[in-house]
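There are 2 protein chains.
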Amino acid sequence: MHILIIGAAGMLGNKLVARLARDGSIAGRPVSKLVRNDVVLSPPPPPASFEIETHIGDLSSAGEAAKLVSGGPDIIFHLAAVVSGEAEVDFEKGYRVNLLGTQNLLEAIRSKGDGYRPTLIFTSSIAVFGAPFPDAIGDEFLTAPLTSYGTQKAICELLISDYSRRGFIDGMALRMPTVCVRPGLPNKAASGFFSNIIREPLAGKEAILPVDPSVRHWHASPRAATQFLIRGAEMGGTALGNRRALTLPGLSCTVAEQLEALKRVAGAKVLEKVRHVPDESIQQIVAGWPRNFDAARAKALGFSTEKTFDDIIRVHIEDELQGKLPN
Amino acid sequence: MHILIIGAAGMLGNKLVARLARDGSIAGRPVSKLVRNDVVLSPPPPPASFEIETHIGDLSSAGEAAKLVSGGPDIIFHLAAVVSGEAEVDFEKGYRVNLLGTQNLLEAIRSKGDGYRPTLIFTSSIAVFGAPFPDAIGDEFLTAPLTSYGTQKAICELLISDYSRRGFIDGMALRMPTVCVRPGLPNKAASGFFSNIIREPLAGKEAILPVDPSVRHWHASPRAATQFLIRGAEMGGTALGNRRALTLPGLSCTVAEQLEALKRVAGAKVLEKVRHVPDESIQQIVAGWPRNFDAARAKALGFSTEKTFDDIIRVHIEDELQGKLPN
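In order, the protein sequences belong to chains A and B.
Start counting the first sequence at 562; every next residue gets the next number (our numbering).
Start counting the second sequence at 562; every next residue gets the next number (our numbering).
Bear in mind the hints are in silico, worked out from the structure with no lab data behind them.
Note that beta-carbon positions come from the ideal geometry of N, C-alpha and C, so glycine has one too.
It is possible that part of the hints are untrue.
As the list claims (entries may be wrong) - Covered by chain A, according to a simulated footprint, are these stretches of chain B (three or more residues, beta-carbon under 8 Å):
# : stretch
1 : 701-709
2 : 722-731
Stated by the list, open to error - Here are the simulated lysine-lysine pairs, DSS-like style, with alpha carbons at most 27 Å apart:
#  : chain 1 : residue 1 : chain 2 : residue 2
3  : B       : Lys-654   : A       : Lys-673
4  : B       : Lys-673   : A       : Lys-654
5  : B       : Lys-594   : B       : Lys-673
6  : A       : Lys-885   : A       : Lys-868
7  : A       : Lys-628   : A       : Lys-576
8  : A       : Lys-628   : B       : Lys-654
9  : A       : Lys-766   : A       : Lys-576
10 : A       : Lys-594   : A       : Lys-576
11 : B       : Lys-628   : A       : Lys-654
12 : A       : Lys-885   : A       : Lys-766
13 : A       : Lys-766   : A       : Lys-830
14 : B       : Lys-834   : B       : Lys-868
Sequences and hints are given; from them, build the entire structure.
The structure is reproduced here in structure tokens:
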């Protein structure tokens, strides 16, 4: 299998590369080649049984997409995006990267012709939904995004369904829960605090909680998010019929429940590192976000995730902290 | 009020121009100027109390949109589109006209800057929905189109909501029922027969019914469709909040009910002109179409339509046949 990962230098891209290197195969077949692409240089490749090629390029620049698909990758993971905060601040950049970039990719695939029809796995987001919504959003609820980022993702979902229906790709758009606990440094996403309040205390550092502890949100660990991508590739898009956008399972819990889990897993002392400093603007953004889903379709298709936030914290400790709690 | 109509040479465009010429005003203010644009020459303008300018141009060509908004129209009706059948046959043309054309318009408006923020009324379609759906589709049902045309309309809806939220336009996307009875000659829409089976017999001509009489669909007269556009301009998009796409009211009835209404209004003899010649390909297309809606939101906002198919036929006889039934 020849694999292309666009947005390979990001958090999820790196996790996926590491997972493929470890497994050596995907969907029951050996990986023969992996091409990594991003606008920045990807980190050094992990040891792997297959060749790893690394490119720097911007999918929204003319000709870039054609170069990337010229080798005819069997599976394309398109993870590249400008995050929500940045797409809101820079309107043009958001549309260029998140919409035009994806359109360029789809058109490059279609233009290849000759029956070329790769599996395309696109990371969408729960940001395609906007308030007001029911307590648990079902699989037939409308996409009414309240950000430009969410709009761009919702549009890409529609394009992927149409290009799949027309036979140009075998695509799917996987609506990721908020990935928590996000390792590394904060990015520009307004959702950063959900991870900060766990990751920073576990590293002995202070974290700011800008919202009320009653705020409820929808989470999955980086490990679960990586497994979603792998599961999508195994399954193929045809299993989704004409509706190629899929809300993935996640864990719905409040910030208070996150902090209780942190206390259970790492002790009361760690909790002292979290300072509650309400931020009106973040409160307001978060109020428009989904809190809970009924991801019945994805569960029936074999997607699964953590059952408790304790599990999500344990995954972080295992995968990022070599299993060690702070002293 | 300075009005721009894009797609002015089409059936609905002509009806709207005639209505504006008759009223001389819109949303309680006199019309000062009307600019008509289409890819083909519009028919001679009706007598009006205001100047009518006529342009030929393709919104999807570079620079065309900027020219059209250079005069700063207060209200823009964007009715131009490649119809469903054609967008399905010619993939590139559909995306160019229906998506890129609308994107060009939105970007031309945004680029004007200086606080320019026109009312934009965009004709969307019930083709944004695709089976399976509930008996009556509510205002929170997902858009899962089964045609490229429906995909393009659904994408434009998302863009219009986002550009409105960002303050570049005061927009709305009005999801038109199937307009019936469509006057004039058939176009490439697969829905043509819904009108043909009424219009042709009333003109003393034969019509083919390609589907089973049990087929249920969602209709509004050309007069009601024109009134939807006027009502949208009166209301303004702000009344729609962040969800700028609106399913309009219509009449849900079966083909059998259409034919019974025709018999009641025009007599049993007229009915003999309808020949049932089943067409498997049209049957299959129609099976994916919505049949009924609960358009609660639009009704609460003052949009209304015919209550019986008899009324729809009477509107056709009044508006197109000078009130005369065939001999």
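Exercise for review: Provide an ascending list of the numbers of those earlier hints which the structure does not satisfy.
Suggested key: none
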